[in-house]
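> Chains as they are written, first to last, in the working numbering: chain A, 1 to 333; chain B, 334 to 595.
Hints were generated in silico from the structure; no laboratory data involved.
Owing to the predicted nature of the structure, the values given are computational and were not obtained by experimental measurement.
For each residue, glycine too, the CB sits at the ideal point set by N, CA and C.
Check the hints yourself; a few may be wrong.
Said to hold, decoys possible - Sample of chain B residues at the chain A side, in silico, Cβ under 8 Å: (1) Leu393; (2) Ala394; (3) Gly434; (4) Leu467; (5) Asn468; (6) Ala469; (7) Lys470.
What the hints assert, rightly or not - Among the chain A residues that face chain B by a calculated CB cut under 8 Å, a handful are: (8) Asp24; (9) Glu27; (10) Glu31; (11) Leu32; (12) Leu39; (13) Leu41; (14) Leu45.
Stated by the list, open to error - In silico lysine-lysine, DSSO-like type, Cα no more than 27 Å apart, as pairs: (15) A/Lys21 x B/Lys423; (16) A/Lys94 x A/Lys222; (17) A/Lys263 x B/Lys470; (18) A/Lys94 x A/Lys168.
Read off the chains here:
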Amino acid sequence: MIVDLQRFLAGERPFWTEFEKMLDRLEAEPELRMTLPQLQLFHHLYERTAADLAKITTLSSEPETRRYLENLVARAYGEIHETREKQRRFFPLKWFSQTLPQTFRRHVRAFYLSVAITLVGCAFGGLAIAFDPDAKPVLMPFSHLLADPAKRVAEEEKATHDRLAGFKTTFSVELMTHNTKVSIFTLALGMTWGVGTIIMLFYNGVILGAVAVDYIHAGQTKFLLGWLMPHGVVEIPAILIAGQAGLLLALALIGRGSRVPLKTRLREISGDIVTLIFGVGVLLVWAGFIEAFLSQYHEPVIPYEAKIAFGAIELILLSLFLAKSGTGKKPES
Amino acid sequence: MKTSTLFIRTPEGIVFSQLLAGPVTRFFAWFIDQLCISAAMFILGIALDLLELINWNFGLALSVISYFVISTGYGIFFEWNWRGQTIGKKLLRLRVTDVEGMRLQFNQIVVRNLLRFVDSLPAFYFVGGLACWLNAKCQRLGDIAANTVVIRNPRVSEPDLDQLLAGKYNSLRQYPHLAARLRQRISPAEADIALQALLRREEFDEVARVELFGELAGHFRARVEFPAEATDGVADEQYLRNVVDLLYRTRGENRVPAGHPQ
């Protein structure tokens, strides 16, 4: 019980000031490691301030002091009771070569699910085009895909001027940003218990399957592979990984068979989701660059075999990267 | 149950509260942030227009990527560097915090900002607003996924007590031990009711005012009983003034605003 409020405030204020200074420093310098005496002092000041808050809470005349103390206790509470590892300096190379592939492998089942949904979509799109070629305008939203594949290939191969001349960088950036937005959207739709993510993956599969069957049916398999492989072998896995992240979010949200509370489940995967989506961003930057600067050039400018070989090498490297990179090293928590 | 306050109990048994921000306040903060993004894009656009004169392709590409990075990264950048605040949130005194009072992590900030893509559907944050309205902690989908809440830290304005209580003799001040007991027994909410009644006295109908002050004075008289010589002949309204004077003016003339320790 506080009998003399004035004396209480005057007596305690220096401790609050010192505590606030320590908190400011701690927040300004995330790398700061306190010595044992500093830690003891910090803990002592926290307990003292918390006790002061408890004393003053019942007091009617000090709403500002109460709010001030609540603010101090809230800030310190996060520092003292946080069990997650403290944010460390970011090492991009380590993150890319170790954290990203390790995270991918840790949740590889969600990736397989993402692949399976896309394959079902591919089969649906392919069968739909095979049985009903008139369905093309419904299945393919892009006007340049609606033309007859054989006619398009003939036009592309006899083109004498570079239609992307002076526009390649912008085209590349537009592809990167568009695909990244679609990927983030696919991830974010995980909050619909995965329904939105599944629809996005399925729909991507439908378009892919429809285009593939359309070109194969027209005898343009080589063109198709030469056109899609250089960027597609990176772009499609990137979308699949975004789907993996979305499904991961959905699985945490549903929590089937888990007795862990929702908050804990979401807390456990939030770091992995961020790692995966940043990884998707990196892959899409590469894919956008390749699509604008390589994929749009066909024979006789670049032989199809060379493009297909390039795509195959990329696919092997990407697979090796995701499967092997960072193995044997301690996973990041 | 929907509430406007988030209570966190520490293992030491101390409870601290955080006021939750409602969907309307958050919408205004978002609107200010959109204006900031537009302003940044406008300024950057002028520079990029000049660059386009030199190299059209590169300038255009840079403007496309700048818009994407600024619109997507604005929230992440500011919330991370300003400990949960953007310009809009700072102006409206809002802040993103962890739902359990823990330290706000970079991952949480990224997740809540990336999930804006869904919250903003179909337009003007309809999904997010609806989720916020239905959720007990006023969380949009991004907040639920990231385990965050948006709290508000309203400025507690100091009532002009000097004007309200000036020139009146307070007979209750002669009994400091009873004044201390009064401060101990009266809750912050009760004190605020008394203060608000005095501040808004001119707004009441005369009869209603007499009744209201009568009820309030009766309530406070019952909480701590002062000797008859201090209360006899004191009107209800004056009694209430004396009570407020005791509750709020505890440090005499040298009052130092609380929250700003010297």
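> Could you check the structure against the hints above and give me the numbers of any it violates, in ascending order?
Numbers 4, 5, 6, 7, 8, 10, 11, 12, 13, 14, 16 and 18 - these are the hints that the structure violates, sorted from lowest upward.
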